[in-house]
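Student: Here are the chains, one letter per residue:
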Amino acid sequence: MTAAQPTAGVSPLDLLGVDHLLGEDERDIQDTVRRFVDDRVRPHLADWYESGLDGGAARELAREAGALGLMGMHLDGYGCAGTNAVSYGLACMELEAGDSGVRSLVSVQGSLAMYAIRTFGSEEQKQRWLPGMAEGSLIGCFGLTEPDFGSNPAGMRTRARRDGDDWVLDGTKMWITNGSIADVAVVWARIEDPADGDGQGAVRGFLVPAGTPGFTAGEVTRKLSLRASVTSELVLDGVRLPADAVLPEVASLRGPLSCLNEARFGITFGALGAARDCLHTAVDYARSREVFDRPLASFQLTQAKLADMTLELQKGFLLAMHLGRLKDAGDVEPRQVSLGKLNNVREALDIARECRTILGASGITLEYPALRHANNLESVLTYEGTSEVHQLVVGQALTGESAFT
Amino acid sequence: MKIVALVKHVPDATAERTFDDADHTTDRTGVDGLLSELDEYAIESALTVADGGDAEVVALTMGPSGAADAIKKALQMGADSGVHISDDALHGSDAPATARVLAAALRRIGDVDLVLTGMASTDGGMSVVPAMLAEHLDLAHVGFVGEFSVDDGTVRCRRDGDTASESVEAALPAIVSVTDQINEPRYPSFKGIMAAKKKPVETLSLADLDIDPSTVGLAAATSVVDEVTKRPERTQGEIVTDEGDGGTRLVEYLAAQKFV
Ligand SMILES: Cc1cc2nc3c(=O)[nH]c(=O)nc-3n(C[C@H](O)[C@H](O)[C@H](O)COP(=O)(O)OP(=O)(O)OC[C@H]3O[C@@H](n4cnc5c(N)ncnc54)[C@H](O)[C@@H]3O)c2cc1C
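Taken in order, these protein sequences are the chains called P and Z. Just so we're on the same page, the numbering used here is the position in the first sequence counted from 1, plus 14. Just so we're on the same page, the numbering used here is the position in the second sequence counted from 1, plus 6.
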């Protein structure tokens with residue numbers, strides 16, 4: 015039997031027609047990334063997930079992404095494409111419809127490493143690093159989290175001290191995306207001695223080129239999530255850097271936190287890509303899978319699931335678009351981005367899990383994307399501020415009470 | 007050096023395509039159109055030549071207003087300018103008329119050194135327009151080209167046949183049709199997407215090209231489509247359960263279908 019067609023003329027997952035909110039360039043950029051993901055990413059995903067993304071494949075992917083303009087796409091100058099924020103969000107969504115790990119490669123490069131250099135770097139630092147990073151021929155990472163300090167980066171133990179004109183760094187950074195394939199690490203460290211400048215406890219960013227003596231990066235293996243992404247531990251053991259390795263334009267946690275706010279914005283869109291990919295798969299599957307002699311899609315319980323998930327997906331997109339338009343108008347607040355990240359990642363994870371139920375046993379394999387996305391979204395829920403941390407940000411905005419400590 | 011890439015806007019081959027009930031031309035309503043995929047190879051070839059030296063790339067299309075999308079895509083990929091021939095009288099034009107119109111446009115563009123085309127359009131699939139165009143312009147045409155280089159007023163091509171490849175040279179200006187094996191077309195870059203809107207696109211009517219409307223279009227076509235029939239629905243196929251005679255029954259089936 016052939017199943018009835020869904021309502022003609024609407025993209026099945028866009029019942030609200032939210033597509034109309036996009037401008038022509040935004041749509042063309044989204045289409046291009048979607049095609050790139052279908053052609054160049056999707057065919058490899060099961061392998062990357064099964065065996066982990068190796069350095070060679072990551073570098074090639076970075077170069078291909080760079081050629082498209084994905085790396086640092088919403089930044090201006092130095093070889094960056096200079097798109098608006100909405101386009102950046104849409105690109106994240108399409109990349110994450112492939113895999114959160116691939117989106118992570120691009121967000122860390124653009125929103126964390128390149129954004130830090132673009133915003134807080136000297137002219138020489140920008141010239142030295144950004145064009146190659148925009149091309150994807152150089153990879154960057156961003157080291158803030160430490161083994162004992164994740165949600166509370168203010169507690170960081172990595173130290174920087176002056177020795178003559180040089181800086182010397184000691185400490186360990188953990189869970190660093192792209193760490194062991196990076197050509198340059200943006201490392202945040204606390205100044206040990208107030209006499210070294212900027213007063214007591216200043217946090218400074220340092221550009222640490224790969225291969226600097228005392229600097230090593232080891233890959234975290236045996237992950238159950240974000241396997242198509244390189245995650246590493248950075249060890250800094252008396253790493254000596256020249257005076258011009260420090261990012262001159264910021265001397266507090268505001269530096270790394272503003273970078274995180276950029277990446278988080280992208281995730282607000284990105285997570286929806288993963289959810290859309292799951293939902294798309296679940297709808298197709300439910301329409302062709304017969305249970306009790308009828309298509310799974312014809313059961314009310316299934317339809318209720320699909321309807322609720324579609325509603326959350328579309329609401330999430332409206333939320334993301336709203337933040338995108340605010341950001342392009344120049345006035346998005348960090349707590350607004352917190353609302354977006356909190357909602358969209360949480361809902362995306364719920365959608366991925368619910369879709370997995372529709373797929374039954376098939377849903378636990380790499381033939382279908384649902385569990386891969388769900389596992390990935392566990393990382394996305396945790397990094398760039400955990401859900402709990404974003405709840406605390408929102409709670410503080412509502413009550414005026416800080417409940418972090 | 008001036009290179010013109012011929013591009014065609016075609017209905018999306020992955021969607022269900024239909025013919026207009028009234029005149030049996032391709033029905034473009036309700037189907038997304040896009041740049042014929044095979045033309046992307048021609049654009050990529052043109053851009054590769056341009057990347058390696060000093061060349062200007064013009065994308066030329068003939069088609070209804072939606073065909074502007076094909077030009078846009080070529081500009082996003084990196085072409086410098088576009089020319090769009092659009093005229094209601096062109097509706098239903100056949101290959102000879104298309105070739106005549108494109109020839110007139112190429113003359114008007116002027117000083118063209120190299121014309122690049124795909125090996126066929128993904129909708130019509132006749133592969134005759136480039137050769138007809140060459141006749142009109144009195145230029146050499148090299149088809150099924152899997153590799154070429156331009157040097158010193160000459161284009162050197164490898165023409166890929168079923169059993170052998172030939173090396174063919176032609177003096178410029180010439181027309182070269184490239185296969186889908188020649189390269190991997192680039193994606194439009196984001197910079198390209200944003201820059202495309204600022205690139206010049208000239209829209210030409212038949213009057214601009216001094217072509218009498220009565221010599222083109224459906225009425226002037228040299229062949230007529232009398233009737234169209236939908237391809238039959240794909241049937242379920244036949245399942246042979248092996249009861250010891252499976253092999254024999256397979257051969258019988260293949261023989262009945264005249265495969266063996
Ligand atoms: C795959 C992956 C990639 C990553 N990439 C990077 C990277 O590139 N760069 C980088 O710097 N970091 C990176 N991280 C680290 C990430 O940012 C941290 O994991 C995150 O900040 C949480 O820190 P934690 O893991 O130490 O958890 P903890 O901070 O120990 O939190 C554990 C639990 O306690 C909760 N919690 C913490 N504080 C509070 C509180 N005050 N009230 C209530 N609950 C609280 C948290 O929400 C969480 O549920 C990555 C992580 C992962 C998983």
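Hint data in this document are derived by calculation from the structure and do not stem from the laboratory. Treat the numbers as computed from the prediction; the structure is a model and nothing was measured. The beta carbon of each residue, even a glycine, is placed where N, CA and C say it ideally should be. It is possible that part of the hints are untrue.
[Unchecked claim] Keeping only pairs whose Cα atoms sit at most 30 Å apart, straight-line, the calculated DSS-like set for lysine-lysine is: (1) Z:K204 x P:K140; (2) Z:K197 x P:K140; (3) Z:K8 x Z:K197.
[Stated by the list, open to error] Here are some chain Z residues pointing at chain P (derived, C-beta under 10 Å): (4) K78; (5) Q82; (6) G198; (7) I199; (8) M200; (9) K203; (10) K205; (11) P206.
[Stated by the list, open to error] Computed list of chain P residues with no C-beta within reach of chain Z, every gap over 12 Å: (12) G31; (13) A81; (14) S101; (15) G215; (16) G228; (17) F229; (18) R308; (19) A318; (20) A321; (21) A375; (22) T419.
Student: It remains to establish, for every hint, whether it holds in the given structure.
Tutor: Tested hints:
Under the criterion of a C-alpha separation no larger than 30 Å, the hint pairing K204 (chain Z) with K140 (chain P) is consistent with the structure, at around 28 Å. Our distance criterion of 30 Å between C-alpha atoms is met by K197 (chain Z) and K140 (chain P), whose separation comes to about 20 Å. Only pairs whose Cα atoms come within 30 Å are accepted, and K8 (chain Z) paired with K197 (chain Z) is accepted, the gap being roughly 23 Å. Given hint, K78 (chain Z) at the interface with chain P, holds; its Cβ is 8 Å from that chain's nearest Cβ, closer than 10 Å.
With its C-beta approaching chain P no nearer than about 7 Å, Q82 (chain Z) sits inside the 10 Å limit, and its interface hint holds. Using the Cβ-Cβ criterion of 10 Å, the hint placing G198 (chain Z) at the interface with chain P is satisfied: the shortest such distance is roughly 8 Å. Among the interface hints, the one on I199 (chain Z) holds; its C-beta lies about 5 Å from the nearest C-beta in chain P, closer than the 10 Å criterion. For M200 (chain Z), the interface hint holds, since its Cβ comes within 10 Å of a Cβ in chain P; the closest pair sits about 6 Å apart.
Because the closest C-beta pair between K203 (chain Z) and chain P is about 8 Å apart, less than 10 Å, the hint holds. This hint is violated: K205 (chain Z) has a C-beta 14 Å from the nearest C-beta of chain P, more than the 10 Å allowed. Given the 10 Å rule on beta carbons, the hint for P206 (chain Z) is violated: about 18 Å separates it from the nearest Cβ of chain P. Chain Z leaves G31 (chain P) outside its interface by the beta-carbon criterion, the shortest separation being 16 Å against a cut-off of 12 Å.
With 12 Å as the threshold on Cβ separation, the claim that A81 (chain P) sits away from chain Z is violated: the shortest Cβ distance comes to roughly 7 Å. At roughly 7 Å from the closest C-beta of chain Z, the C-beta of S101 (chain P) falls inside 12 Å, breaking its exclusion from the interface. Every C-beta of chain Z lies more than 12 Å from that of G215 (chain P), the closest at about 40 Å, which supports listing it as non-interface. Look at G228 (chain P): its CB is around 38 Å from the nearest CB on chain Z, clear of 12 Å, so calling it non-interface holds up.
Annotated as non-interface, F229 (chain P) keeps its C-beta farther than 12 Å from every C-beta of chain Z; the closest such distance is 33 Å. No beta-carbon of chain Z comes within 12 Å of the beta-carbon of R308 (chain P); the shortest separation is about 19 Å. Every Cβ of chain Z is farther than 12 Å from the Cβ of A318 (chain P); the closest lies at roughly 31 Å, confirming the non-interface assignment. Once the 12 Å rule is applied to beta carbons, A321 (chain P) is consistent with being away from chain Z; the minimum gap is 26 Å.
Residue placement check: A375 (chain P) keeps its beta carbon more than 12 Å from all beta carbons of chain Z (closest about 25 Å). At roughly 42 Å from the closest C-beta of chain Z, the C-beta of T419 (chain P) stays outside 12 Å, upholding its exclusion from the interface.
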